[in-house]
Amino acid sequence: MTELICIVCPKGCHLKVDEENGYKVTGNGCPRGAAYGEKELVNPTRVITSTVKVESKQARRVPVKTAGDIPKGKIYDVMNELNKVTVKAPVQVGDVVIPDVLGLGVDIVACKKVAE
Numbered sequence: 001m002t003e004l005i006c007i008v009c010p011k012g013c014h015l016k017v018d019e020e021n022g023y024k025v026t027g028n029g030c031p032r033g034a035a036y037g038e039k040e041l042v043n044p045t046r047v048i049t050s051t052v053k054v055e056s057k058q059a060r061r062v063p064v065k066t067a068g069d070i071p072k073g074k075i076y077d078v079m080n081e082l083n084k085v086t087v088k089a090p091v092q093v094g095d096v097v098i099p100d101v102l103g104l105g106v107d108i109v110a111c112k113k114v115a116e
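For the sequence shown, counting from 1, position 2 maps to 2 in our numbering; every step adds exactly one.
Just so you know, these hints were derived from the structure itself, not from any lab. Backbone N, C-alpha and C fix where the C-beta goes; we use that ideal spot for every residue, glycine too.
Label pairs and their calculated CB-CB ranges:
1. N83 / G12: 24 to 34 Å
2. C9 / L41: 13 to 23 Å
3. G73 / A115: 34 to 44 Å
4. K88 / K39: 32 to 42 Å
5. K11 / T49: 17 to 27 Å
All chains should be modelled from the sequences, with the hints used to inform the complete structure.
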């Protein structure tokens with residue numbers, strides 16, 4: 001039995017996940033909590049938020065994030081890829097900074113507009 005705190009919503013339900021009985025989840029206040037509990041033990045994923053360098057007179061860095069979840073075990077590898085990137089202004093919100101990062105099927109996108 002594994003105990004987790006659900007992070008899907010602000011309630012923070014205390015979940016118990018029984019790995020020996022098909023990942024049965026108890027303690028959840030909604031169906032999303034049950035899905036989170038099972039996913040966290042079977043295939044944990046995260047969304048990364050960070051910054052990358054930008055060539056601009058307005059800013060030196062631009063905030064970015066993954067457009068979806070990536071496997072938790074790949075966080076450091078993705079961060080290493082972000083450290084290698086420098087984008088040129090102008091940058092718009094939603095611009096793809098790194099397409100299909102590490103072949104994971106997830107893009108890195110800009111989260112702020114940066115002018116030249």
